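Residue numbers (the numbering used here), protein chains in the order written: chain G, 12 to 241; chain P, 12 to 241.
Quick caveat, the hints were computed from the structure, so don't treat them as lab data. Fair warning: there could be bad hints in the mix.
Same chains, same names: a pair is fine if it fits in one copy or spans any two.
PhoX-like cross-link-like pairs, simulated, lysine-lysine; straight-line CA separation at most 25 Å [what the hints assert, rightly or not]:
1) Lys93 <-> Lys205
2) Lys93 <-> Lys211
3) Lys98 <-> Lys205
4) Lys93 <-> Lys175
5) Lys98 <-> Lys175
Treat the numbers as computed from the prediction; the structure is a model and nothing was measured.
Number of protein chains: 2
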Amino acid sequence: MIADETWAPNAADNGLSSSADSAKSRLRQLIIAGEYAPGVRLRERELSEALNVSRVPVREALQQLEAEGFVVTSPRRGATVKQITLKDVNELFDLRLSLEVLAARLAAQVAAGGRATGRLQQLMDEAAEATARHDHEQIPLSNTALHTEIVAMGGNSLLESSMKPLLGRMQWLFTLTGERDPQGQCEEHLGLCKAIYDGKPDLAGALAYAHVELGREPSLQGLAGILPAS
Amino acid sequence: MIADETWAPNAADNGLSSSADSAKSRLRQLIIAGEYAPGVRLRERELSEALNVSRVPVREALQQLEAEGFVVTSPRRGATVKQITLKDVNELFDLRLSLEVLAARLAAQVAAGGRATGRLQQLMDEAAEATARHDHEQIPLSNTALHTEIVAMGGNSLLESSMKPLLGRMQWLFTLTGERDPQGQCEEHLGLCKAIYDGKPDLAGALAYAHVELGREPSLQGLAGILPAS
DNA sequence: CTAGCGACTTTGGTATACCAAAACTAGACC
DNA sequence: GGTCTAGTTTTGGTATACCAAAGTCGCTAG
């Protein structure tokens with residue numbers, strides 16, 4: 012469950028994983044990319060045909076994607092792509108406010124012990140580079156990877172598995188609404204990473220809090236702009 | 012996923028839910044009760060026979076129980092009951108430290124608005140009564156129900172779905188290691204509930220933090236006492 | 001007596017087939 | 001013309017059957 016490698020588009024169709032995992036990754040990617048719009052029904056037979064697998068792996072994939080918050084299943088009406096509401100976004104940010112602070116604090120504590128932080132540096136550089144060249148395909152992927160690495164650095168696998176669906180939803184939200192102020196976000200990341208390098212948990216936590224909270228309003232307004240009625 | 016009612020032993024076998032949900036609840040109950048000890052293999056055919064269902068619902072149940080942290084599945088070796096380690100317990104408490112504080116704060120904010128808090132009062136009374144008569148069967152159930160209600164009061168369904176597996180693991184841990192100081196725990200609950208009633212988020216958060224942290228050491232020692240080697 | 005190799009058995013992964021319930025549609029009656 | 005109802009179709013839920021890989025046990029050769 013921790014595995015599932017990264018789910019960037021280019022890493023989707025490796026023949027290594029089981030058919031169910033592959034179907035799950037592909038379907039999630041299709042949802043995040045907006046191929047399946049919020050509200051559309053995900054019929055099992057239809058998906059099994061589209062993904063060239065049987066219904067059993069499809070059911071498994073749908074179940075896990077429901078746990079990750081991408082689809083919602085009614086008792087006897089099957090699965091549909093989740094309709095994100097403003098309430099959902101607020102709940103998501105409230106939760107991230109707690110968990111990202113914890114992740115940043117843990118990462119800073121680990122880094123203070125002198126552990127290798129090379130991977131974080133590398134991801135930070137990649138994200139900065141993607142931001143600099145306005146690569147709107149790569150920016151959400153790099154930023155998600157950066158946050159994932161911060162969470163992983165803390166060494167709390169339970170936190171990691173709890174945060175993974177939340178980061179997935181953030182990536183989805185960004186794809187739906189468009190990224191907010193990539194430049195400012197990148198600078199915030201830079202400051203956060205520096206605090207982690209320097210092993211300052213309090214500062215890292217405060218910066219993480221600010222970073223999350225700064226993203227709330229733009230996301231709410233971005234979502235409000237594409238919501239059907241109001 | 013929010014549904015699944017309560018999973019007290021007596022509410023397990025209602026014929027309303029689907030076969031898979033029933034199987035999931037029964038299996039979880041068996042694991043929490045210790046019928047399936049940590050480390051034993053959960054063979055799909057064996058379970059399907061024991062639960063009188065096919066392998067498909069069993070697979071579904073195992074998958075969800077893995078997401079809740081009760082079982083762990085190796086790539087091609089199937090499912091086993093999770094072996095709880097001291098690291099797992101520490102991670103669990105670190106996460107609860109963040110999330111229960113958030114839940115308490117949210118609940119207090121809601122209660123400050125004058126919403127009905129009758130259900131919380133009722134659960135508090137039940138837990139106090141169970142503690143008073145030393146009903147070691149009921150105490151963990153009542154305490155879990157109380158925490159669940161506090162989380163639910165906040166109105167954050169995402170937090171609710173994130174906390175549910177954690178509370179389930181806490182109940183499991185209590186069943187395995189024995190409850191710590193039920194009297195003191197009950198008093199802490201009383202203070203926490205009062206802060207929520209009174210609509211004092213800061214106080215409620217602080218009390219929740221203390222309540223969680225006070226439970227860490229006893230749980231670690233309780234688990235260390237029953238761990239195979241060390 | 002031990003170590004290596006091979007056949008067998010167990011087990012998870014997947015596909016196909018069947019069933020029951022719900023939703024949709026078309027028709028008839030009021 | 002509208003509404004209720006019955007039949008059909010779609011769809012999720014479940015069971016059975018098949019397959020491939022890995023673990024296990026026993027046999028044989030050194």
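Hint-by-hint comparison with the structure:
1. Taking CA atoms no more than 25 Å apart as the test, lysine 93 paired with lysine 205 passes in neither setting, with 37 Å inside one copy and 37 Å between copies.
2. Proximity of lysine 93 and lysine 211 under a CA criterion of 25 Å is satisfied in neither setting, with 38 Å inside one chain copy and 35 Å between copies.
3. In this assembly of identical chains, the alpha carbons of lysine 98 and lysine 205 never lie at most 25 Å apart, being 33 Å within a copy and 28 Å across copies at closest.
4. When the C-alpha separation of lysine 93 and lysine 175 is checked against a cutoff of 25 Å, the pair qualifies both within a copy, at 17 Å, and between copies, at 21 Å.
5. When the C-alpha separation of lysine 98 and lysine 175 is checked against a cutoff of 25 Å, the pair qualifies both within a copy, at 20 Å, and between copies, at 20 Å.
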